[in-house]
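Peer 1: What follows is the residue order along each chain.
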Amino acid sequence: MADSTVAASEKALHRKNRLVADLQAHKTYYIMLVPLLLFFVLFSYLPMVGLYNAFTDYDFSKGLFSPFIGLKNFEFLFRGGMDSIIWKLTRNTILYNVAFIVLSNVCQIALAVLLRELTYRKFVRVSQTMMFMPYFVSMVVVGSIAYNLFNFNYGVMNNVITTLGFERFDFYKTPEVWPFIIVIVEVWKGLGYGTVIYLAAIMGIDESIYEAAYVDGASKWNRIRYITLPLLKPTLIILVLFAVGGIMRGQFDLFWNLVGNNGLLLNVTDIIDTYVYRSLTVNFSMGLGTAAGLYQSFFGLILILTVNGIVRKVDKDNALF
Amino acid sequence: MARYSTKRSNTIRMDAGTRVFDISAILIVSLAAIFCVLPFLLMLSGSFSSESEVILKGYSLWPQVFTLDAYRIVFSTLGGTIVNAYLVTIYVTVTGTMLGLLTTSMSGYILSRPDFKHRDKVAFFVYFTTLFSGGMIPTYLVVANVLQLNHSLWAIILPGLMTPFNVFLFRNFIKGIPNSLVESARIDGAGDFRIYWQLIVPLSKPAMATIGLFLSLGYWNNWFGYSLYLISDKDKWGLQYLLYRMLSRVTDAVRDSQVIVEQLPSETMKLATAMLATGPVLLFYPFAQRYFVSGLVMGSVKG
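Chains as they are written, first to last, in my numbering: chain A, 207 to 527; chain B, 367 to 669.
Don't read these hints as lab results, they were simulated from the structure. Careful: at least some of the hints might be erroneous.
[Said to hold, decoys possible] Which residues of chain A face chain B? A partial, calculated answer using Cβ under 7 Å:
#1 Met254
#2 Val304
#3 Leu324
#4 Phe338
#5 Val482
All residues carry an ideal CB built from backbone N, CA and C; glycine is no exception.
Modelling step: build the complete structure from the supplied sequences, incorporating the hints.
Peer 2: Structure follows, in structure tokens:
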């Protein structure tokens, strides 16, 4: 008994010495690690502590010492079942993301596949550059372009509509059209980026397969159908699965700059992130906003873990961890 | 001879089908490319239209009267504000990109070192932040209340320095540098920092270019941070936030706009400002695009 304690303490001492030795041998590493540790502690881990405020009636002057109110914030968010705030936000967030994932991927794959088959180098390069343009522009500018297109009095769309002899249409007062506009803008913004990723995946396919198909006289359509698309499937599945893992997160930038705080459209355009932003900057209800954020992070984590579990079963090499 | 003829007939047969394919493919790709660029042309054309024409007839794809009025008015009424916003944005972008490159490359370097014992733990420490986060409000409270960065441009710069994606992208790039190079430098007596500074940094220019572009794009296009930390500091507004304030139209159009100019900004003025805020990016990106592409491919390499 005594012997084993001595042995254990010796072991501990040994471990301690090794730690010191490691610290001394790689002192520089540890010093160079300071910015990373500091950054992620301050901007990622410290905010996690602040999630506690989801359970308080937040008071700016008291901070973390605001009165604890248990689950009251959540009760408020969940009140009303199908009419509850949280149900509306979750529904909008998930539906928009599903539409984004499906449409973006279909368009990106289609374009990547076509670009792969085109041999006109200059055309491929120029069109790729053109498609990449929206990716580089800030969402504020996108918002101003959208306003330029859709506003009631001078918008390009209304210009076209009146030229064709129809009545002016007030986009900013018609909630029904916004899901379409938002989805189209999202597809538009990510088109070049996604196409490049898929094109890179396609370029990774063994060239000799195409050459063999060429020798056998396969047409370009058949090459796409029997080579490119089947071989792209694994990449697609992985990308879509991880996109599904992020389905609780919204494109805050996009929604806020297109629609902003427009009360008329809020019912169909409010996602979790915009709700949180409004809680912070318009309503100053920090406790509620934090509760919605915690709900989002928590279910986001569960979703990613689930998706990763599925990916591990399907294809272990592509799992995240 | 026989081989030649089969090959010839083969190409002829392919040609008909190929031509149909190529024409439809070119058509579809062209339409997509135009769809992507058209909104910018509308913006450009709007900014060169005259205000009265827009008020009367609305925007059109091509200005009936080409005029620089909108730009002239922007500069005469907002001149100082715009120049100041440009300077702020440039300052934030340059400082943030430099600091971000330094911290990201240092972190990526350590995470790539096989002789750094805790690299897996540190990698998970970084990675975990992509799985779970405190979110917008807790982050705001840390920056504003704990770090006391309200009213300071550091509130924009610091939170954007590093992203897990960039750190891992850099690590993956360094993993491609043969370890024997590092070992031989070490035998020659170089310390860990010197290896990083004199060997790794010069060798990782492509990764630096890619990450530098990601960083500068993020800083240039940032408006969000200003809307949280610098609402009342007009002299510290960046370009995008200035534009954002001019565009805020729904709830507080009047109040917000009057902060900047006496009367509401006109329609063409908004577009001219939008052009000024995007101009440098649009001129620059065709040259920068290939670094993005190579970076995306690099980042998708798992490690």
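Peer 1: Let me know if the C-beta of Leu324/A comes in closer than 7 Å to any C-beta of chain B, holds or violated.
Peer 2: 6 Å, holds
Peer 1: Just to be careful: measuring from the Cβ of Met254/A to every Cβ in chain B, is the smallest value less than 7 Å?
Peer 2: Holds. Min distance 4 Å.
Peer 1: Does Phe338/A meet its interface restraint, that is, does its C-beta lie within less than 7 Å of any C-beta in chain B?
Peer 2: At about 6 Å, which falls below the 7 Å cut-off, the nearest Cβ of chain B leaves the hint on Phe338/A intact, so it holds.
Peer 1: Does Val304/A pass the interface check with chain B, least Cβ-Cβ distance below 7 Å?
Peer 2: 21 Å, violated
Peer 1: Take the shortest C-beta to C-beta distance between Val482/A and chain B; is it under 7 Å?
Peer 2: With Cβ-Cβ at 5 Å, under 7 Å, it holds.
The structure fails to meet hint 2 from the earlier list, while all remaining hints are met.
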